[in-house]
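Protein chains: 2
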Amino acid sequence: MSFSFTILKQDSKTRARVGRIKTSHGAIDTPYLVPVATSASVRTLDSEDLSILGAECVLSNTYHLHLRPGDERIKKLGGLHTFMHFSGPIFTDSGGFQAFSLGFGREHNINKLGNIFPQGKRTEEKQKKLAHISDKGVLFESVYDGSKQLMNPKRSMKIQSNLGSDIIMAFDECTSPLSDYEYTKKAMERTHRWALESLKFHDKKQALYGIIQGGWWRDLRDESTKFISELPFEGIAIGGSLGHSKKDMHTILDWVIPELDARPRHLLGIGDIDDLFECVERGIDTFDCVAPTRIARRGSLYIRPAAGGRLSNKFRISIKSGKFREDKKPIDSACKCPTCKQYSRAYLRHLYSINELSYYRLATLHNVQFMLTLMAEIRESIQKGTFLKLKKRWLKA
Amino acid sequence: MSFSFTILKQDSKTRARVGRIKTSHGAIDTPYLVPVATSASVRTLDSEDLSILGAECVLSNTYHLHLRPGDERIKKLGGLHTFMHFSGPIFTDSGGFQAFSLGFGREHNINKLGNIFPQGKRTEEKQKKLAHISDKGVLFESVYDGSKQLMNPKRSMKIQSNLGSDIIMAFDECTSPLSDYEYTKKAMERTHRWALESLKFHDKKQALYGIIQGGWWRDLRDESTKFISELPFEGIAIGGSLGHSKKDMHTILDWVIPELDARPRHLLGIGDIDDLFECVERGIDTFDCVAPTRIARRGSLYIRPAAGGRLSNKFRISIKSGKFREDKKPIDSACKCPTCKQYSRAYLRHLYSINELSYYRLATLHNVQFMLTLMAEIRESIQKGTFLKLKKRWLKA
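From first to last, the protein sequence lines are chains A and B.
Residues are numbered in the working numbering as their position in the first sequence, beginning at 1, plus a constant of 6.
Residues are numbered in the working numbering as their position in the second sequence, beginning at 1, plus a constant of 6.
None of these hints come from the bench; they were simulated from the model.
Some hints here could point you the wrong way.
Which copy is meant is left open, so a pair is good if it fits within one copy or across any two.
Said to hold, decoys possible - The calculated DSS-like cross-link candidates involving lysine-lysine, where the alpha carbons are at most 30 Å apart (straight line), are:
hint, residue 1, residue 2
1, 154, 192
2, 326, 132
3, 192, 160
4, 82, 326
5, 81, 334
6, 160, 191
7, 191, 252
8, 211, 15
9, 334, 210
10, 397, 347
11, 253, 232
12, 160, 142
13, 329, 81
14, 232, 252
15, 334, 347
16, 160, 210
17, 28, 232
18, 82, 334
Predicted model only: the values in this text are computed from it and were never measured.
Kindly generate the complete structure, drawing on both the sequences and the hints.
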């Protein structure tokens, strides 16, 4: 296996640090927000777009690729890098998140941070659990054809081996914010047994990250941190329910991270702009999050403080607003993305309002570029010792 | 106005010819299939894609742009070229086609060539006419908000002037293949009066094409050919019902084209691969057609005879077919498009089957590039005197 992590600069005032992960497919400069390519495509973009944006790596989804087009098929086709024509490092998650999102997530109509889905109460059909968890593993009902699939550490490792990704995740159980202490403890213990099995069965050419669970109970998080960090994983991921608010999430990171050694730390599924600052400050090296691409498709485009972005508007404009009808300016005049170099807000609003497919890609190009640029600025600020100043400029703006 | 057309080579055996249209926004090498950018976007692509593909020009839709985002708004924003960031020549149609498609087309549940829409009989709602035609013009009900809009030659010319396109069309009435002789004659006479008004009111900075109507009756087509071609239009378009079959269309072209002088000839809304050969042979210089982009989105991708393309399969593969699941080859190994250079049929089938948005653009890039390349080969064959040989190679393959 070819994997290393070097810390290039430790911030003197916070746990923020600049580092470099090296893999046989190239390097990742940390802190980094990894674009999500769930089904071997960063939604709306192609690999040439990723190259133009300078995206160093992507994260793909084990559960979805296993079902469609099939991990064995991807192996036959030369592995995930060849299949999607992406030459940089690829992360894959383990399928454990789907144990939550298709299990309790559906039943509780909730996301990882405890937010009830905005569409309100779902129909019974939509709340039907599609994942049933036992010590043997997670029995999934395929979201595509209803077929049953048992996922466990051994299978997850085999699937990720077939995919040929560079950085893989141990198989875990991500619990719900509504799970009680007893259940969360039981699930954590199961995750620990599965961590040992993942270590046993994983493809030794791939760098394996262990995942810390334990919900929002201090003793469980402490126990999980100790258990996982003592195992010979290449990196440590922090997963599962992160409490009921961003504040809870910060608290959990403040419990966990001081106990970790120098290995790279990944925070699963998080990536709002304020989260990036708060979690980098607490020592996170990499993130993955679908938000930048998902909100782009729904009309929300990132802007910097100088263009009016602030915490209260989540650093976004809503391109559907009528006020952009005749706005000749780009989304953000400081942005170097292909969209901002060429198109006005008025044009983008037009495309959005008539549902033109080209809109979705142009919006995604912007939001991904925006985040990559922000992360580069964060790295630079840590190097220069001005991270807290940069954070203040953004979050107090 | 800056507009010229030079015939560079006349085929000795057919009416096919190579020419060059020059406008202040650049040149168009003919014969050319103009990509359609209905609402200021070639669906799924952006202007950088068009530049990578080498698309010399596009055709946009007067009716749709008038409604969304509004031609006056586009004028305020610097005109259509600035708005969509496309620097090449832009054609706009006149809105006359919508007099058919939203009028008799809906009522008769039919397209221009007399084909009943494959979805079968539409609901009453879907068959409700949204265009009502009188000598005053066409009263449209907006497909967006139901508002009533009167379109007539003066308004069509004003709208196209606001859009600032290079080549504009006279306002006409496109009749239905099911219209009878009396109606078609009445509509043709109206189109002739509207042609005179279009000449009177059009922006003299724009090159105006007249449109020959007359359905599939010889005497009407002859009368319309004579009337329109005697007027000082920059070019001549052939529109309207072209009979009930491709053979009828060829017959109509054989009536009309020998009567025309050297001005450029545009065939509206036609562009299957066999049509391109048959109509170039009969003397057509430019075409516009949504087929290449529309069928791409539905999974049909063009292939050359060497890759198995033939008249019977319409030179297409259907990427949804299971036989491409593990096909490592590009769509067409001879194709130079970005999609064929990077992705396998297996990857494209995967994206299509899970409805990934990136599929639509990659498929469109291929089909547009394919057609641009085919047109370049057709031009080259005319230059070399091998057009009929090329045609035979494709259509008898």
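Tested hints:
no. : hint      : verdict
1   : 154 x 192 : within (24 Å within a copy, 65 Å between copies)
2   : 326 x 132 : both (29 Å within a copy, 28 Å between copies)
3   : 192 x 160 : within (20 Å within a copy, 76 Å between copies)
4   : 82 x 326  : between (44 Å within a copy, 19 Å between copies)
5   : 81 x 334  : between (47 Å within a copy, 12 Å between copies)
6   : 160 x 191 : within (22 Å within a copy, 76 Å between copies)
7   : 191 x 252 : within (22 Å within a copy, 72 Å between copies)
8   : 211 x 15  : within (28 Å within a copy, 62 Å between copies)
9   : 334 x 210 : between (53 Å within a copy, 27 Å between copies)
10  : 397 x 347 : within (27 Å within a copy, 42 Å between copies)
11  : 253 x 232 : within (23 Å within a copy, 79 Å between copies)
12  : 160 x 142 : within (11 Å within a copy, 75 Å between copies)
13  : 329 x 81  : between (49 Å within a copy, 17 Å between copies)
14  : 232 x 252 : within (23 Å within a copy, 76 Å between copies)
15  : 334 x 347 : within (12 Å within a copy, 35 Å between copies)
16  : 160 x 210 : within (13 Å within a copy, 74 Å between copies)
17  : 28 x 232  : within (26 Å within a copy, 74 Å between copies)
18  : 82 x 334  : between (49 Å within a copy, 10 Å between copies)
Going down the numbered hints, you'll see the structure goes against none, and every one checks out.
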